[in-house]
Amino acid sequence: MIYTYDILLNWTKEDRLKEFFEWNLEDDLENIKKIPIIRISETMMKDLLTSKIKIDESFLFKIKSKTESYFHNEIDVIDYAVIVTTLKKSLALELDSEGNVLYKSNLLLDEEEEVLDIGEELVIMDIPYNIISKNKKVSYLTRKEEEEKKFLTKEIKKIKANKEESKLNYLYKEFFTIELNSFNDKLNLIEQEISKDYNSFHHKLYNLLKLSTIKKK
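Just so we're aligned: 17 in the numbering used here is position 17 of the sequence shown, and the numbers increase by one with no gaps anywhere.
Worth flagging that the hints you see were computed from the coordinates, not collected in a lab.
Since the structure is predicted, the reported quantities are computational estimates derived from the model, not experimental observations.
Some hints could be false.
To be verified - The calculated label-pair distances, taken between Cβ atoms and stated as ranges, are:
hint, residue 1, residue 2, range
1, F176, K64, 58 to 68 angstroms
2, N31, K157, 33 to 43 angstroms
3, N184, E26, 32 to 42 angstroms
Think of the CB as a built atom: it goes at the ideal place given N, C-alpha and C, for glycine as much as any other residue.
All chains, please: the whole structure from these sequences, using the hints.
Structure below.
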């Protein structure tokens, strides 16, 4: 078994993985002492990134208790964890005893490059697995962009619920030149723009609403 040593992982249960430049101290970060590396097919990597999958239990004994992490100055053994890699992408997985993928993590840039180099020397392992379900939508937004879209949706709902006409008028005039008088018409137009793929409108509106929130405080 080939290992990599002393790496940092950022475990997530979400469908969307955090890129290394999005990590922060509030994330589920774990310092790994050692973890095995397995090379997989491009097809399996694609399925891991876009679907919920279950890996056959026959694979689990190969990696059982072979990952160690640092925990309060002690060494903690992780039952089922592995880094899978192709020649283009590496991904850390933590599984349960039935082969369900519990957590995933991208790698830091320099650590992924090291794993990719190791992967070139490995033979692809044929790992049996089943696709449980496909992710309905794979997001290509950064964490910040996703947070901005969620914030906008929440704030517009507040404006609608509280009938904040003056606030809506202010926002509307900042972005639109079309003359509309109805509260609902203006609201609908802003909601339509928010529902579109992320663009400069979202970022500008986010900054404007954030500024108004700070002023209130």
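Hint by hint, which ones does the structure fall short of?
none
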